[in-house]
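> Next come the chains, spelled out residue by residue.
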Amino acid sequence: MTELKYIGKETPRPDGPDKAAGRAHYIHDLSRPGMLYGKVKFSEHAHARILRIDTSKAERLPGVQAVITAENTPEVRIGFIRDNFALKKGKVRQFRDEIAAVAAIDADIAAEAIDLIEVEYEALPGVFTTEEALADDAPLVHEIDPRGRPRNDNRLPLRFHHESGDLEAGRAAAKHIASGDFSTPVIQQSCMGTAGCIAEFDLNQQLTIWAKTQIPFLAQRDFNQALADMGLAGKNARVIVSALGGAFGSGLDTHAYEFISILLAHRTGKPVKIVYNRDEEFAYLSPRQSSQVSITQGCDDEGQLTFREIQVWQDNGAYTSWGATFPTVMMLPATSLYRVPNIFFDAKLVYTNNTYCQAMRGYGNPELAWALESNLDDLAEAAGIDPFELRLRNCNQPGETTPMGLKVTTCGLKECLQTVADKIAWPQKRSQGKRRGVGMASLFHVGGGGRIYRSDGTGMILKLDDFGNVNVYFGGVEMGQGMYSALSLAVAEALGVKPEKIFINPTDTGTCPWDVGTHASRGAFMACNAAIAASKKVRARIFERARALFANEAKKNLKKLHKKNPDFKAADFDVEAEARNGEFELQDGFVFLPAAPDESWLRVDLSQLLRAIHFREQGEMITAEAFYDPPNELPDWEKGYGNMSATYTWGTQGVEVEVDTETGEVKILHLVAAHDVGKVLNPQTLKGQTYGALAQGIGYALYEEVLSEQGRILNPNFRDYKIPTVAEMNFPIDLEFIETNDPEGPFGAKGIGEPGLVPTAPAIANAIYNAIGVRIHDLPITPEKILAALKNK
Amino acid sequence: MTHYDYHRPETVEEVLGLKRVLPAATFIAGGTDLMVRIKNRVLNPPALISLRAVTELGGIEDGEHTRIGALTTIDELCRHPLIAERYPLLAQAARRLGSRQIRNVATLGGNLCNCSPCADTATPLLVYDAQVQLQGPDGSRQVTLAEFFVGPGQTCSSPEEILSQIILPPPPADARTLFMKKGRVKMDLAIASTSVVLVLDGELCQEARLAVGSVAPVALRLPLAESVLAGQKLSSELSAEVARVATTEIAPIGDIRASADYRRQIIEVYLRRSIDQLAGIVQ
Ligand SMILES: Cc1cc2nc3c(=O)[nH]c(=O)nc-3n(C[C@H](O)[C@H](O)[C@H](O)COP(=O)(O)OP(=O)(O)OC[C@H]3O[C@@H](n4cnc5c(N)ncnc54)[C@H](O)[C@@H]3O)c2cc1C
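Protein chains in written order, with the working numbering: chain A, 79 to 871; chain B, 61 to 343.
Hints should not be assumed to be uniformly reliable.
Stated by the list, open to error - Think about it this way: if two alpha-carbon atoms lie no more than 25 Å apart in a straight line, the pair counts; the simulated BS3-like pairs of lysine-lysine are:
(1) K97/A / K87/A
(2) K135/A / K426/A
(3) K246/B / K745/A
(4) K507/A / K745/A
(5) K87/A / K576/A
(6) K614/A / K83/A
(7) K512/A / K745/A
(8) K863/A / K99/B
(9) K246/B / K512/A
(10) K492/A / K757/A
(11) K99/B / K135/A
What the hints assert, rightly or not - Here are some of the chain B residues that sit facing chain A, going by a computed Cβ distance under 7 Å:
(12) K246
(13) M247
(14) I316
(15) V329
Quick caveat, the hints were computed from the structure, so don't treat them as lab data.
Everything numeric in this text was worked out from a predicted model, so none of it was measured.
Yeah, the Cβ is synthetic: ideal placement off N, Cα and C, and Gly gets one too.
Looking at chain A on its own, in the form it has when it is part of the complex (with noise of 0.2 Å):
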């Protein structure tokens, strides 16, 4: 490839005015002819046997037409280490267990309906923190493991442990050493379109169901096994995903409420949609994890680091979900952000009787960054060095091979450490006083795929037709990203092709290529890398054709220009000759020959190649496909060992903050977000997701908290669930990405998804810190904490 056309261009996406004019259709606008509205009775305490459910009332209610429970359906087993199900049998242990639901002609009596169901109840003591649930006499979330053995504690069969290097010589080596003990909250993934499904069986016991989801082929997987436990053996569940209104991570797991409208499906006969409302996406979704860490870390009197010590304590809730391996995340930085030789990671999660979570953008990493940046300014302090400089002495190299086995091939930190620091004014404005201050945070994430199943794959099919139209088919989610965005991009740029003949096809397990899922930073960097492999093979197929085809087409170009002007004079040119030597070029739709670029008439349009490839005897379509699997390994996570991304991306963000130290309000003045990107695809939609990400990063770092009592969910709504507007974002963001085009990239870029929020809240806190010399512990930094601080400095 010479000169890139259209990467780095910035261009509107496609998707963009159908959704601006909320002409996109989000599950919310589907319908199916005969469709029922199916509504889920949810558990009203923490953890209880369930002693009687009586649906008569609900069943006798005109216009209901199934109502189900555990009893009279089979057993559905949900999550990946399958502890959960659809409906609740016997117990409950949170307070959204689903206990039955209902499928009526209108979703009004659904409600009716469900209000009429009877539970009683026998109330069980829960456990509602780690320590609760690791207490001696805790009563047990489950009493017996998902094989069916006798369970004697509450602790999660995950584990997540890294160590290298020798602690104790580390420990012994430092000079300066600093520990905290750090928490984040629960958090909702706030997307603006709430969860919900339909699905449908034909008359073969086939199943379509149209999802909210970012793993089409994994939820496949999930729903073919709820068939077969449905003694549906060997039926097919097609999934179809229509637009997505932000996932976030929220759609990483197949949940019991889609399990539920296909039970309800089968039931009756009949299309089941299921979509909750905003109260029911708060209350009854799983949001993000919280997380507790203490963490140590030490350096010697030149501020090299000699050791990281790290043990993370995880309420899982009362079921897993995928969520729960995001210690596999928080390993990354843990091992590998800034080199440190002497390592210890550990992991360990606990069932309770809270509300169970799931992935969130950053996936362990912000939870993690949040300990690890923070504690790294105690440490800068502790050492009294200036921590820009403790975290440019500890910067990590291109061409390192970290302590977790994970290959750098190229790393951008130095630069945006070195960015930052410039645009926030470091370090005059560390000293300005008047509770003002600046701090700063970086990041690492996997940036080229993250291997955490057997395939890290991602399928590419490209389908040409007559009119020199391209039609993509891949696995991955465009769920407000701007997915379609980047790979309408990275096709007519592989291909030689306008964007606008690009038409990219809804996500369809019937009709695309697998993908493992669209997590982990990687839709772009891996659709874009399918896109180029695609792409080749389309090309090498049409240049083969050419070589028979084009002359003649060449020349009825001729003929035409002879046509409209007799006087056209056609340069002397053998093209018979030069096109069988079969060397040809397509640029912007047109196929040439390298040898004569600028002659009109040897310029053919690809429609009309394409059309002369297709209509003759024998003639063909052409249509190509590509697997990219990156090459990237499973890690062993009981070893904490092995390279899980083809790439890694870096960044640093740099605050500048004044603190109100009466009402304890903290006002972001200016943000510097410096991200090594690999390469910029399409500059419009790198910025949309990185403010969005800030955006986030702020209101982890700021307001977000669901709050709950007794596993009872206190704020589900946005009146006392606070996330930033744009009145909160008034202030200068400078974005900077820095452009390390790594070999492995498609054309050079890394996943960009989720990096923005990372730092964001150890900058501010760090920042905050600067300000006023008081260092927060436990987001959201809120007024009232910052003031409680003040009062014990």
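On the provided structure of chain A, position chain B with the ligand as indicated by the hints.
Okay, now just chain B with the ligand, sitting in the frame of chain A:
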């Protein structure tokens, strides 16, 4: 279930007549408080009587006393030149109420009848000595706003009465005014709010009117703190003393939005800062 009849009378007389035959019906103005409660199934009225087509309940009338129709939207308060000129505190508070979409439909009458201690228009109206006119089957009566607010969600009007007008006496001449509101984010229900009106004569505070929201069962005036300020020479020490006294006149609660201590702290800081700022005292 959220099924109800909807009536749209056009005169106050029709409104009162409907209410007589449908005693369980609820009045609805902008609906921004009411519909939330219906959707959350806190309320389940069989019928709604909309006040929105009753033109005599709208409009802002000039005169010795200014009369604001109960159906005046919050957005109108933000923009009306008369309000901006004579009762700027009310415009300041209105601009901080909810979002643009909410302000477009929410009404002043609804904000007062809902009788939340955090209603943003309550503290400005209290310092302007507003009266409200209630109209019922037995005619109309006028009560002070302080009498009107009885407790959270509770006013002195009877279920058959509607609030028709808010009546504002002329504001004190040359008053300086400041509204302050603390939310968790900018667009939020107040966890504490203050309205301050000062009339100054050189360094002397001739008159002081202070009101606070979200820190007692109803929004209220602070007579004690006002008396400490009135007639005194302004100073930063005095502002601090007034603010301290103010905290003895309130009874905040702690809830998920803020602790009682924090609410008290904000009232103290905001009152002190308001007085300092209006008096031109530089800290
Ligand atoms: C998203 C959102 C944000 C909000 N933010 C704020 C905020 O920042 N500050 C704030 O103060 N409030 C806020 N509110 C609350 C609400 O918008 C205001 O209280 C508003 O002024 C209510 O007016 P309304 O016309 O919508 O009242 P409605 O909902 O129509 O009525 C409220 C109550 O008053 C009764 N009522 C209304 N008018 C009359 C009348 N003329 N006579 C007798 N009874 C009557 C109704 O029966 C009902 O009980 C917010 C609400 C929402 C939904």
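> Confirm or reject each hint.
Right, here's what the structure says about each hint:
1. K97/A / K87/A: The given pair, whose Cα atoms are some 22 Å apart, holds under the 25 Å limit.
2. K135/A / K426/A: violated, 45 Å
3. K246/B / K745/A: holds, 12 Å
4. K507/A / K745/A: holds, 15 Å
5. K87/A / K576/A: holds, 13 Å
6. K614/A / K83/A: holds, 17 Å
7. K512/A / K745/A: holds, 13 Å
8. K863/A / K99/B: violated, 34 Å
9. K246/B / K512/A: holds, 23 Å
10. K492/A / K757/A: The hint holds at about 17 Å.
11. K99/B / K135/A: holds, 23 Å
12. K246: This hint holds: K246/B lies near chain A, its Cβ roughly 4 Å from the closest one there, short of 7 Å.
13. M247: holds, 6 Å
14. I316: Result: holds, 5 Å to nearest chain A Cβ.
15. V329: holds, 5 Å
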